[in-house]
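Trainee: The primary structure of each chain is shown beneath.
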Amino acid sequence: MPKNPMLKKVLVIGSGPIIIGQAAEFDYAGTQACKALKEEGIEVVLVNSNPATIMTDDHIADQVYIQPLTVETLTYIINQQKPDGLLPTLGGQTGLNLAVELQEAGVLEEYEVKLLGTSLDSIQKAEDRDKFKKLMEKISEPVAPSKIVYSVEEGENFAKEIGFPIIVRPAYTLGGLGGGIARNIEELKTILQSGLMNSRIHQVLLEKSVEGWKEIEYEVMRDSNDTCIIICNMENIDPVGIHTGDSIVVAPSQTLRDEEYHLLRSSAIKIIRALQIEGGCNVQFALNPERLEYIVIEVNPRVSRSSALASKAAGYPIAKIAAKIAIGLHLHEIPNYVTQKTKASFEPALDYVVTKIPKWPFDKFPDANRTLGTQMKATGEVMAIDRTFESSFLKAIISLEGNDTGLRRRELSSLTNEEIIRRIGICDDERIFVIAEGLRKGILVEEIHAVTKIDPWFLYKIEQIIQIEKALEKEPLTVELLREAEKKGFTNEEIQELSGESMAMVDTLRRAHNIYPIYKMVDTCAAEFESATPYYYSTYEQEDENIISKKEKIIVIGSGPIRIGQGIEFDYCSVHAALAIKEAGYESIIINNNPETVSTDFDIADKLYFEPLYSEDVYNVIRKEMPKGVIVQFGGQTAINLAQRLQKKGVQILGTSVDSIDAAENRERFERLLYELGISQPRGIAVTGIEEAILAVKKIGYPVLVRPSYVIGGRAMQVIYNEDKLRQYVKEATSISSEHPILIDQYIEGIEVEVDAISDGEDILIPGIVEHIERTGVHSGDSICVYPPQTLPEDVIDTLVEKTQKIAKALPVIGLMNIQFVVRDGDVYVIEVNPRGSRTVPILSKVTQVPMVHLAVKVILGEKLNNLGYGIGLFPTTNLVAVKAPVFSFLKLNDVDVALMPEMKSTGEVLGIDSNYEDALVKAFVAAGYSFPKEGTVLLSLNEKDHKEAIGLIQQLKKLGFNLAATKGTAAYYRKQGLEIGLIEKEKLELIQEQINMKEIKMVINTPTQGRDPRRKGFQIRSMADKCQIPYFTSLDTVNAYLRALQRVNQQIPLTYDVLDQYM
Amino acid sequence: MEAMILLESGMIITGTAFGAAKTIVGEIVFNTGMTGYQELLTDPSYAGQIVVMTYPLIGNYGVNAVDVQSDHIQVSGFIVKEFAEHESNWKSDKRLNEYLKEQGIFAIANIDTRMLTRIIRNHGTMKCLMTTEEITEEMKAKLKSHSFPKDIVKQVSREDIAVLDGSWKKIGLIDLGVKRGIIEQLQQYGEIHLFPWNVSAETILSHGLDAVLLSNGPGDPKDVLKTIETTKTLIGKIPLFGICLGEQILALALGGDTYKLKFGHRGSNHPVQDVRTNKVMITSQNHGYAISSESLPENVQVTHINVNDATVEGFCSPDHQIHAVQFHPEAGPGPKDADYIFEEWFSLLEGSEQSA
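Chains as they are written, first to last, in this note's numbering: chain A, 1 to 1064; chain B, 1065 to 1420.
Quick caveat, the hints were computed from the structure, so don't treat them as lab data.
Only a predicted model underlies this, so the values are computations on that prediction, with no experimental measurement involved.
Be a bit skeptical, because a hint or two may be false.
Simulated pairs of lysine-lysine, DSBU-like, Cα-Cα distance not exceeding 30 Å [to be verified]: (1) B:K1218 - B:K1204; (2) A:K133 - B:K1343; (3) A:K341 - B:K1191; (4) A:K270 - B:K1155; (5) B:K1343 - A:K38; (6) A:K3 - B:K1086; (7) B:K1155 - A:K453; (8) B:K1155 - A:K343; (9) A:K441 - B:K1158; (10) A:K270 - B:K1218; (11) A:K341 - B:K1158; (12) A:K138 - B:K1214; (13) B:K1158 - A:K270; (14) A:K131 - B:K1086; (15) A:K114 - B:K1343; (16) A:K470 - B:K1343; (17) B:K1204 - A:K134; (18) B:K1233 - A:K341; (19) B:K1343 - A:K35; (20) B:K1400 - A:K134; (21) A:K133 - B:K1400; (22) B:K1218 - A:K208; (23) B:K1326 - B:K1191; (24) B:K1214 - A:K343; (25) B:K1324 - A:K341; (26) B:K1191 - B:K1086; (27) A:K208 - A:K582; (28) B:K1086 - B:K1206; (29) B:K1204 - A:K341; (30) A:K138 - B:K1086; (31) B:K1204 - A:K343; (32) A:K1017 - A:K731; (33) B:K1204 - A:K131; (34) B:K1324 - A:K270; (35) A:K1002 - A:K1017; (36) A:K343 - B:K1324; (37) A:K189 - A:K999; (38) B:K1343 - A:K453; (39) A:K8 - B:K1208.
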């Protein structure tokens, strides 16, 4: 069937900010969908609040709305645009929930908007636990004994019936939010409470646990012609019990016989047919490892993280095809974009092994509970491809950028066998390394299997890796051994360290015997048909099928997995870089390993290499391609960190030179440079021990900002006010990074300002300046910020421009740079210079319409800013005001302090756009999930040093009609000031919880005294507020901004939700 | 032990021997299925062939006594990238290596199977020699003079007639190297009378059957002259069904023509469209020859086509009550999307009886 001719305009809803459980995969899916619809001549209207995405670029959709994802917004936009159809299944759970709400509100009916793709009825049948269970029973598909409950008592009764362990799964939530495995009645009560609260419909499924069974997933597609195909099946190495987003996963399944594979395949197809899905769908199974028996765990009736992974693993663009199906096309009518000869109605045949490993934020949150279970904790993931499992697996490990060059972790080598067995009984992010250590120590595969239930096949494979480690240690490094080690994915560093041979010796062997990787193509069909996809992976085998063109090439190094501090913004930069390189007439090549993102879509760059961003792997690609040069400034710190090593091997780094990068990143050099330029910066001293640290602070004076050198996102950065804390910090920090010193800086309390610029070495162009709402001390990634600055006088702006210009020229920077300044009493200090793209690049590119990455690429290729049509100096502002607000995923991570600190914690961001500050502010708060209560109690618990400053705020709150209640110290202070204020005892947490539940306490303002200590009441109060999803603030500056927004809301003048140009 | 593959083109590829080392000659083909190696090894349609698996890890789940399509391994040789030294599956009895060794089948591992697949794809199916010895001129001559055995069907068919109990219909099955999966499917519909390839039409007709199915099997359909003749006689006298080689023989008997595909269809992911309903299903396939659609007489309708290359995947001749498919509705290995075919055929039978 051709596409539905009635569809001329389609609305696509994005997934909003990145949070754990809903990450970059939806930018990939949404971008693909928009492109697919446009290809069919349909006008696309896109709404998303996340500015860091490619999908919100004006060339992706016809009308782009960067607006909050709410019913109010969508109704406004639907009224304005009058779309014929709405595509709800590509924006994750957020998009889906919003579509349901629009339907329930009658908006779709009123404006005659047709829901495309899978129907809401089907979605409900799949997502509503009860309906799903009934449907499965109807079609005779097995499900675990289970019961839907709406209360804790119901849950307890069911537990008495079926016994423990029991899995708790709340309905309509993301990434298993609020769920878990309960092993006894106490655990059940706790998990049930949070599960019921987190479910949109207060519904939770209790299910008999099949922990330990194999967890298998199928990605299925179906069209309106009832054609059903499997894109890829996947086997979780971690058995049932660990959220699939937190599991190490391989594709295709490795341990399933044909009968088992097809038993589950047939079931998946039966289910997708019963649900009448039109598009993509993910079905999860538990397969009994001891007999032919399975149960259906759950179905995701939409594209998902797994479908992004399957798309990259199989070379089959699920979201793109799903969009085509949604507008009526049939699979057999859609071309296979990879082979271009066959059709989309087939099942990809893989001739390689894919491994996915999650990227967890525990390096950023040393206090977080690292145990993995049914609630997802990973922020991102890496994928690796190879022709052996061992190499695919090791490549994925290396791609995590966790300092691992193999499976050995020194700190685990002292574990005893008993400790190992005990540790592997609990799944955490380190388990796989502990298992490897166990095998190294001679613990049998059978024993490890008995504890972990990981299929012995995988354990034998890890044992193979250990055997090669041992061979490298014991035997002389022969050509055969080197070749074998390479085939199994050993890195150079690992080979050298284990064999004790020098780099020169290994290199000589390689050269003499030509032991270098070759490249094979991901082609969806195991080479059955000739393909033209430029999608490659490395392997050590005979035939190289990599076609090296004669064109001049430029390689863009991507940014790897999404993590806190290095998010989707760098993927945005990489994608634009690839496009700009193409435009400039060069062949663009991307190297990256993140399966969720747009940059690893095979039609972005001219050529894609799916490889670890590890110097050896990157260099091997360079060796092969012989590019004009490599660009590292768009791939975040990941790419920057590779620059030096690549240059040492003779690689041309384009743009800002490696020396200039070093001049910006090396503390001493940078200090000297600023001194020479006459630019002030907070005084700072690098120390390696406690005595030095104390001495340093004597010179600088408290408070000080301390952090380890060379880090992303301010890991373990803290403001310290006294010596006790300093001692504690130094003790902890040295164990984090022994190679690099600790940096102690003078803490200057002031306004933080960020400047992003493009520099050609002579001139700079500053598209825009961003002012932070929260004063220094809150990480720039976690603060609310506004473009253009609202409080800075013109002379300060001039100074900022002038200083940026000086630094850019002195380094010099060629391409993008980002400078963080602090302004205090009109004085401007430089905090840091990042000679690369930054978090603000996508935002500024959008709101100023200055194509920053494109201009950067042009200057990198030798053009001068003066000739590029955007002028030099500070780009003029318009009426537009944009407010960026951070979004956090604390709900998914236990034991992490929710307070704002110098250390970054947010996982995503939203943007509020309008032509005045207040309106933009309201939109940013709404988009970030804040509500605006009109009355009720505000609970105050403030750090002593904030008491005085907060008086104004408190008076304002009173004026707005809120009741005030405070903890002892805070209440005492304000009572003394003559303010009427209630008292709440901090110790009576249950009482506070009760009052929140009763909707008496509507807001919490709690500025931490210490932070990071879960035993402290303040910590517990703010965590509680976060869990209960009421507005809470840990910085007075945020409160100020919020109250400003609240006053705007109270005016009850409707906001407008228009496209960006309307506000300029 | 080092082992070598000598291709017809003269190219030599080196790997490691496993299974039972020896020197063999055969036709080299590739299969893209990611599971189902045991079913494939025991499928008589692969007789005389050396099979290259495109999936790199083979043997992961071992072998067992049940997942077989005949009572022994049928392939002449087996080529993989890596065979599992440690298998894992609750049903596994032994390792693939042992299984091959026991049955005297030679296999080679550590081969860049993707390269080999690309060679076969570009060059077409060819002859090849596998050995652990040094390649001699004699071997080259042996490879050159090798021709695919014209009596391969005879080798895999049966000699006797057998009857398998069942209720409802009486079904004749001409065993041209039948897969166990087909027999298992037919058993759901009735009593099966198994005949050898060279059975006469008279014998078949004397059994009082409701229908006759021509099974799958190896080789060129045009080599199976006797069966084609028998089929010609049966046309119009009894409803006829065909699968794979059986389908090709039916086409030839109806006056159609077959030709050799460049590298065949072998795998579990082939999309087939039923042209009558426009529905697409994913099928298991294993054939080197195809029916030329232009050659089919007028009273024959093409019912199924391959979505990838538009080759004939099924036809019917309502006048003669003939229905046949090129793909494998019995699956094993592969998807079960097409298992409704049997049901459809037998319900047709029911319909025709009622009208008669």
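Trainee: Now look at each hint and say whether the structure bears it out.
Mentor: Tested hints:
Between K1218 of chain B and K1204 of chain B the CA atoms are separated by roughly 27 Å; this keeps the pair inside 30 Å, and the hint holds. Between K133 of chain A and K1343 of chain B, the direct Cα distance comes to roughly 29 Å. Compliance with the 30 Å bound is thereby established for this hinted pair. Only pairs whose Cα atoms come within 30 Å are accepted, and K341 of chain A paired with K1191 of chain B is accepted, the gap being roughly 27 Å. With a C-alpha separation of about 25 Å, the suggested pair K270 of chain A and K1155 of chain B falls inside the 30 Å cut-off, and the hint holds.
A distance of roughly 27 Å separates the Cα atoms of K1343 of chain B and K38 of chain A; the hinted pair therefore holds under the 30 Å criterion. Restraint check for K3 of chain A and K1086 of chain B: not satisfied, since their Cα atoms lie roughly 58 Å apart, outside the 30 Å limit. For the given pair, K1155 of chain B sits about 17 Å from K453 of chain A by alpha-carbon distance, which is consistent with the 30 Å threshold. Taken as a hint, the K1155 of chain B and K343 of chain A pair is broken in the structure, with Cα atoms around 36 Å apart against an allowance of 30 Å.
A threshold of 30 Å between alpha carbons decides the hint, and for K441 of chain A with K1158 of chain B the separation of about 28 Å falls inside it, so the pair holds. Annotation: proposed proximity of K270 of chain A to K1218 of chain B is violated, straight-line Cα distance about 40 Å (limit 30 Å). For the given pair, K341 of chain A sits about 41 Å from K1158 of chain B by alpha-carbon distance, which is inconsistent with the 30 Å threshold. Proximity of K138 of chain A to K1214 of chain B is assessed by CA-CA distance (about 52 Å); at most 30 Å being required, the pair is judged violated.
Of the pairs offered as hints, the one joining K1158 of chain B and K270 of chain A is violated, with about 33 Å between alpha carbons and a cut-off of 30 Å exceeded. Our distance criterion of 30 Å between C-alpha atoms is broken by K131 of chain A and K1086 of chain B, whose separation comes to about 60 Å. Annotation: proposed proximity of K114 of chain A to K1343 of chain B holds, straight-line Cα distance about 26 Å (limit 30 Å). Under the criterion of a C-alpha separation no larger than 30 Å, the hint pairing K470 of chain A with K1343 of chain B is inconsistent with the structure, at around 55 Å.
Restraint check for K1204 of chain B and K134 of chain A: the C-alpha separation of about 65 Å exceeds 30 Å, so the hint is violated. Simply put, K1233 of chain B and K341 of chain A have alpha-carbon atoms about 44 Å apart, too far for the 30 Å limit, and the pair is violated. Taking the CA atoms of K1343 of chain B and K35 of chain A, the gap is about 27 Å. The hint holds against a cut of 30 Å. Distance restraint check for K1400 of chain B and K134 of chain A: the Cα-Cα separation of roughly 25 Å lies within the 30 Å cut-off, and the hinted pair is therefore satisfied.
Between K133 of chain A and K1400 of chain B the alpha-carbon distance is near 25 Å, which keeps this suggested pair within the 30 Å criterion. With a C-alpha separation of about 55 Å, the suggested pair K1218 of chain B and K208 of chain A falls outside the 30 Å cut-off, and the hint is violated. A distance of roughly 13 Å separates the Cα atoms of K1326 of chain B and K1191 of chain B; the hinted pair therefore holds under the 30 Å criterion. Taken as a hint, the K1214 of chain B and K343 of chain A pair is broken in the structure, with Cα atoms around 36 Å apart against an allowance of 30 Å.
With a C-alpha separation of about 21 Å, the suggested pairing of K1324 of chain B with K341 of chain A holds against the 30 Å cut-off. Proximity of K1191 of chain B to K1086 of chain B is assessed by CA-CA distance (about 17 Å); at most 30 Å being required, the pair is judged to hold. This hinted pair does not check out: K208 of chain A and K582 of chain A have alpha carbons roughly 54 Å apart, beyond 30 Å. With a C-alpha separation of about 14 Å, the suggested pair K1086 of chain B and K1206 of chain B falls inside the 30 Å cut-off, and the hint holds.
Simply put, K1204 of chain B and K341 of chain A have alpha-carbon atoms about 36 Å apart, too far for the 30 Å limit, and the pair is violated. For the hint linking K138 of chain A to K1086 of chain B, the alpha-carbon distance of about 55 Å lies beyond 30 Å, and the restraint is violated. At most 30 Å may separate the alpha-carbon atoms for a hinted pair to count; K1204 of chain B and K343 of chain A exceed this at roughly 41 Å. For the proposed pair K1017 of chain A and K731 of chain A, the alpha carbon gap of about 25 Å is at most 30 Å, so the pair holds.
Distance hint between K1204 of chain B and K131 of chain A is unfulfilled; the C-alpha atoms sit about 67 Å from each other, more than 30 Å. Proposed proximity of K1324 of chain B and K270 of chain A is contradicted: the alpha carbons are some 36 Å apart, above 30 Å. The suggested pairing of K1002 of chain A with K1017 of chain A holds, with an alpha-carbon distance near 18 Å, which does not exceed 30 Å. At most 30 Å may separate the alpha-carbon atoms for a hinted pair to count; K343 of chain A and K1324 of chain B meet this at roughly 23 Å.
For the proposed pair K189 of chain A and K999 of chain A, the alpha carbon gap of about 22 Å is at most 30 Å, so the pair holds. Between K1343 of chain B and K453 of chain A, the direct Cα distance comes to roughly 41 Å. Violation of the 30 Å bound is thereby established for this hinted pair. This hinted pair does not check out: K8 of chain A and K1208 of chain B have alpha carbons roughly 63 Å apart, beyond 30 Å.
In summary, the numbered hints that this structure violates are 6, 8, 10, 11, 12, 13, 14, 16, 17, 18, 22, 24, 27, 29, 30, 31, 33, 34, 38 and 39.
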